[in-house]
Amino acid sequence: MDDRSNLLEVKNVVKMFGGLRANDNISLQVEKGEIRGLIGPNGSGKTTLINLITGIYEVTEGSIHYYGRRIDGLQSNVIASMGIMRTFQVARVWRDMTVLENMLIPAFTQGLSRREAKSRAEELLDFALLIRLKDKQAKSLSGGQNMLLQIVRGFMHKDLKLYVMDEPFAGVHQSIKGIIIESIKMMNQGKDVTFLIVSHEMSTVKALCNKVTVLCKGERIAEGTMEEVANDPQVIDAYLGG
Amino acid sequence: MRSLSSYPANSGTSKCKQKEDEAIDLHLFSQFLITGIIMGVLYCLMSMGINFIYGIMKVINWSMGEFFMIGAFTQYILLTFLLGADYWYVGVILSALVVFILGALVQRILIKPMFVGIIEAKMEYATIVTISMAIFLRNIAVAIGGPKIYTPPDYAGPTQILTLPLSGNRLVAFIGALILLGLFYYFIKKSWTGRAFQGVAQNRSGVQTAGVNVLKYDMLAFGIGTALAGAGGALLAPIFLVHPLCGLVPTVRGFEIIVIAGLGSIPGILVAGLSLGIAESLGSAFISPSFVDIYGFILLVIILSIKPYGLFGKPEREV
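Chains as they are written, first to last, in our numbering: chain Y, 1 to 242; chain A, 1 to 319.
Treat the hints loosely; a few may be bogus.
As the list claims (entries may be wrong) - Covered stretches of chain A (in silico footprint by chain Y; criterion: 3 or more residues with CB under 8 angstroms from a CB of chain Y, positions within the stretch not fixed):
id, region
1, 199-207
2, 212-223
What the hints assert, rightly or not - Computed spacing ranges between beta-carbons, pair by pair:
id, chain 1, residue 1, chain 2, residue 2, range
3, A, Leu-304, Y, Asp-96, 21 to 29 angstroms
4, Y, Asp-192, A, Tyr-125, 38 to 46 angstroms
5, A, Ile-161, Y, Lys-158, 49 to 57 angstroms
6, A, Tyr-309, Y, Lys-206, 26 to 34 angstroms
What the hints assert, rightly or not - Sample of chain Y residues with no beta-carbon within 10 angstroms of chain A, all distances over it, derived:
id, residue
7, Asn-25
8, Gly-33
9, Ile-131
10, Glu-182
11, Glu-201
12, Cys-216
13, Glu-227
Rather than coming from a laboratory, the hints here were simulated on the basis of the structure.
Bear in mind the structure is a predicted one, so any value in this text is a computation, not a measurement.
In this text, a Cβ means the ideal position worked out from N, Cα and C, and glycines have one as well.
Take the sequences, apply the hints, and build the full model.
Below, the structure written as structure tokens:
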């Protein structure tokens with residue numbers, strides 16, 4: 001894999017659900033090492049776009065490239081194996097498994113040795129303050145702890161390059177939000193992981209993201225720093241308009 | 001009318017007769033209870049296979065009875081022409097292996113294409129494929145084997161538990177089924193591959209976006225599920241005999257057990273399997289063997305009227 005600065009490139013992507021145009025000719029580039037925010041009112045197509053990037057949906061038109069290689073149409077697990085992990089708005093953990101098992105399942109499929117995987121998992125759980133719960137079943141965790149578990153589970157990927165997060169801060173306790181922010185910064189600065197974060201929490205997005213892309217009604221309406229887009233009339237209209 | 005006890009000369013004989021009748025009843029009851037338990041565990045093999053495939057792929061495999069039948073035919077051919085009766089247990093393993101390969105191939109060629117890409121109602125399409133497979137395989141069996149009933153050699157002669165006489169074939173089939181169920185349980189609960197299967201069953205898209213190749217696990221699950229049916233067919237071959245429709249009864253029982261247990265519960269399947277086997281056996285013994293197919297359904301209706309999700313089932317919630 002080469003070291004091009006354009007890590008992710010979405011080119012004129014359209015996604016139709018029957019007659020509904022959920023994503024309408026969206027283009028965006030995410031550079032390596034960025035923490036990019038993806039914002040927009042409800043129903044603007046943010047989750048659809050990340051579902052397209054991570055292979056949950058197939059694009060209707062357009063293409064998605066990762067380090068120059070076209071990835072639309074690939075299976076989710078193939079995309080994940082290339083170093084793109086994601087989280088879901090409602091944490092998708094394996095509720096009947098322990099916290100540690102939740103961490104180890106992805107590692108097991110990536111050929112990490114058991115000892116290596118366990119040591120890495122415990123290190124990450126320790127950082128996320130979940131280590132004391134490692135033998136508890138995931139279903140006994142709170143919603144915020146499950147979200148945290150889902151996020152640190154993605155860090156188990158031995159070659160993580162791009163982390164796509166869908167509403168990681170929604171409905172989580174302030175202390176857990178702090179841990180999530182810290183973990184994002186640590187992985188971005190320490191491991192050069194690029195992030196694409198969908199969020200409605202403007203203050204957090206502003207504090208964390210170098211650049212934001214704004215979607216509205218399936219279209220990309222603005223892009224730039226938080227200050228730039230906050231003053232964009234189209235963005236103001238999208239959030240405050242009728 | 002005078003009661004029997006009013007005849008002093010006969011009262012001792014009558015009590016003795018009564019005790020003898022009670023002993024015979026208890027003896028019969030125990031014998032049928034054991035037979036019920038044995039059959040229940042054997043039906044569990046089928047249920048476990050259906051349940052496993054459904055758990056992973058959310059597809060009901062209606063051709064399980066035909067994979068059972070293929071297992072039975074394979075065992076018959078192996079024992080008759082290759083291995084001989086003494087190596088019936090090798091035959092069971094080989095039959096399960098043959099059915100595993102066949103099941104995996106069927107999944108790879110006919111079902112997998114629906115799971116690649118985004119196809120709506122893929123589970124429904126796949127279910128229809130399994131119905132077609134059932135018809136196809138049954139007719140192939142008729143075309144090759146004819147409408148005949150084949151009798152494989154016995155695995156063991158008649159035996160007894162304490163004073164109860166018992167069919168040796170049933171006993172070894174029971175032990176074989178218990179070993180297979182134990183191995184399956186250990187594999188699912190303790191091995192990493194088993195845990196990955198649990199992950200796929202609990203949250204398919206979650207596990208796929210974490211890097212697990214769910215399509216590979218689908219194929220393995222279909223192979224393992226059908227292999228359980230094939231092993232069941234091989235174990236039960238001398239009891240149900242071998243013919244193109246020999247898988248029908250175990251398949252129906254398998255589905256009954258799943259409904260009684262509630263989808264997705266391994267201990268539930270064991271409890272439901274044993275309950276069904278016992279109900280069927282005792283019903284046949286003490287009511288009438290003519291209604292053998294009805295007892296399980298009566299049990300099913302009673303359980304569902306009390307617990308609509310089955311004994312161990314839980315309402316499902318999609319996220």
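Here is what the structure says about each hint:
1. Counting residues of the region 199-207 of chain A whose beta carbon lies closer than 8 angstroms to any beta carbon of chain Y gives 6, which meets the minimum of three for the stated coverage.
2. For the region 212-223 of chain A, the stated coverage by chain Y is satisfied: 4 residues place a CB nearer than 8 angstroms to a CB of that chain, which reaches the threshold of 3.
3. The hinted range of 21 to 29 angstroms is satisfied by Leu-304 of chain A and Asp-96 of chain Y, whose Cβ atoms lie roughly 24 angstroms apart.
4. Take Asp-192 of chain Y and Tyr-125 of chain A: their Cβ atoms lie about 44 angstroms apart, and the range 38 to 46 angstroms holds.
5. Judged by the Cβ atoms, the range 49 to 57 angstroms given for Ile-161 of chain A and Lys-158 of chain Y holds: they are separated by roughly 55 angstroms.
6. For Tyr-309 of chain A paired with Lys-206 of chain Y, a C-beta distance near 47 angstroms fails the hint of 26 to 34 angstroms.
7. With a cut of 10 angstroms on Cβ distances, Asn-25 of chain Y stays outside the contact zone with chain A, its closest approach being about 20 angstroms.
8. The beta carbon of Gly-33 of chain Y sits about 22 angstroms from the closest Cβ of chain A, which is more than 10 angstroms, so the claim that it is off the interface holds.
9. With a least CB separation of 20 angstroms from chain A, Ile-131 of chain Y remains clear of the 10 angstroms interface cut-off, as annotated.
10. The claim that Glu-182 of chain Y is not at the interface with chain A holds, since no C-beta of that chain comes within 10 angstroms of its own (minimum 22 angstroms).
11. At roughly 21 angstroms from the closest C-beta of chain A, the C-beta of Glu-201 of chain Y stays outside 10 angstroms, upholding its exclusion from the interface.
12. Here Cys-216 of chain Y stays apart from chain A, with its beta-carbon at least about 25 angstroms from theirs, past the 10 angstroms limit.
13. The Cβ of Glu-227 of chain Y lies farther than 10 angstroms from every Cβ of chain A, with a closest approach of about 33 angstroms, so its non-interface assignment holds.
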